[in-house]
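Visitor: Using the sequences provided together with the hints, build the complete structure.
Number of protein chains: 2
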Amino acid sequence: MSAIGIVGGVGPLAGTDLAQKVFKNTKANKDQDHIDLYLVSCPSMIPDRTEYVLFNGENPAPGIQKAMDKLALCGATAIGISCNTAHSSKILSQIKIPEGTVFVNMIDNCCAYCNEKGFREVGLLGTLGTLRSGIYADYFKNYPSLHLVLPSEEKQEAVQDAIYNKEYGIKALSAVSEKAYNAVSAAVRELAGKGCQAVILGCTELPLVFEKKDSLEKTVLIDPTNILARALIKETAPEKLV
Amino acid sequence: MSAIGIVGGVGPLAGTDLAQKVFKNTKANKDQDHIDLYLVSCPSMIPDRTEYVLFNGENPAPGIQKAMDKLALCGATAIGISCNTAHSSKILSQIKIPEGTVFVNMIDNCCAYCNEKGFREVGLLGTLGTLRSGIYADYFKNYPSLHLVLPSEEKQEAVQDAIYNKEYGIKALSAVSEKAYNAVSAAVRELAGKGCQAVILGCTELPLVFEKKDSLEKTVLIDPTNILARALIKETAPEKLV
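Protein sequences, first through last, are from chains A and B.
Each residue of the first sequence is one higher than the one before, counting from 9 in the numbering used here.
Each residue of the second sequence is one higher than the one before, counting from 9 in the numbering used here.
Everything labelled a hint here was simulated from the structure, so no lab data went into it.
Each residue gets a CB set at the ideal place from its N, CA and C atoms; glycine is no exception.
It is possible that some hints are incorrect.
The calculated label-pair distances, taken between Cβ atoms and stated as ranges, are [as the list claims (entries may be wrong)]: (1) A:K226 with B:Y172: 37 to 47 angstroms; (2) B:D77 with A:E165: 46 to 56 angstroms; (3) B:E59 with A:R197: 44 to 54 angstroms; (4) A:R197 with B:S182: 23 to 33 angstroms; (5) B:L62 with A:K174: 30 to 40 angstroms; (6) B:E219 with A:K187: 56 to 66 angstroms; (7) B:F63 with A:D77: 37 to 47 angstroms; (8) A:K179 with B:I105: 50 to 60 angstroms; (9) A:K242 with B:G203: 36 to 46 angstroms; (10) B:P246 with A:K179: 22 to 32 angstroms; (11) B:Y172 with A:A145: 44 to 54 angstroms; (12) B:Q102 with A:I105: 35 to 45 angstroms; (13) B:G65 with A:E165: 56 to 66 angstroms; (14) B:R140 with A:K187: 44 to 54 angstroms.
These stretches of chain B come out as covered by chain A in the derived footprint (C-beta under 8 angstroms, 3 or more residues) [what the hints assert, rightly or not]: (15) 11–22; (16) 48–62; (17) 209–219.
Guide: Shown next, in the form of structure tokens:
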């Protein structure tokens, strides 16, 4: 039987957010209509991904491997990771996908979605780690009709602050301050001004800024976690996709 | 190493709600400070608990057992179930707690909490299934100084409607309508009028009515999921409890 596996814990709330997006995208009238799902949220095993990719910190790949092996042991058949930076080829190239499972790649599915929708200029917002490591750029190379557009340095730093600032950042407040909202909206508008039809919210905090909206003015907002949730359903029980 | 295991899927959102309450009650400055946690959300294995307890429907115990065994296989050492009705002795008496794990009982911890706080008259809101099956009453028998108080039949039905009504119920809307808010608040006030110092919100939808408030006027509101989250942390890494 098919079941979804989630490598979570990176961070913990991103893992449960992905699980909830699976539930919300599933056609279900009762508990038993939902797809079986396993979440392994083991941050103790998985050191910081950005530290490793950008600064050669401790290697998170062995911990991600252990989490995947546990998911396969439980019975998962389609596995996703709820972390942008973990999708770096420097990390993924070390992983052996467990027998009997398929790895559902969040960033590749995000690119495929943009491609299907016919977007050409696609903006990216995220942490400085995600932007500077070039993870999205690597995946975009496989989609010649897509062009990745980054915000100006000034807007990149404003978005980083909107996420991390100790006083008004989304992580510190577990909520979206007006200042954070304004910074992220301004970055989306800048990317729209550069011709982007869509902007990828490439950090698990950013979709919170726009609540349930899927566009800002005429710019489509893309939540990679939601794309991954839908791709996991397509892989395990496509007839249940909302 | 200690790790938390959650039998979820009953329903699916109650499982991720419990996981998120574990994260929110954990002292953590970074991902790696969080406690390792496994969630097995397999509704396909676990038929409706209320149907079984009240009407001798299909038995959910074998599925709960399988979920627990998978959690133990992953490495969980303290296991909780995010479902009130699953705590019925008719179900739990069939379960063999896996070797190397401890079962952390949500309802027993809820009673212990009320006892510690010195409450005497404790109200209970929940689905008709939870109230009529007498699950909470059975646990209260072990705490002679606690007295369980139920709402009037009329208020019980109004709360059931606030949860299940197809037009204004919390399950249907995935939000709290004014009508649902008024019905649940009125039930809390009625219990306060009967002398209750505290009211247990014994259904995973009910804490949503009061958002982050932990009291209504002078009546303490108790969220069993939050009590269970804290008890799981105490069992695995007490120094990390917020």
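Visitor: Checking against the hints above, which ones are violated?
Guide: 5, 6, 8, 9, 17
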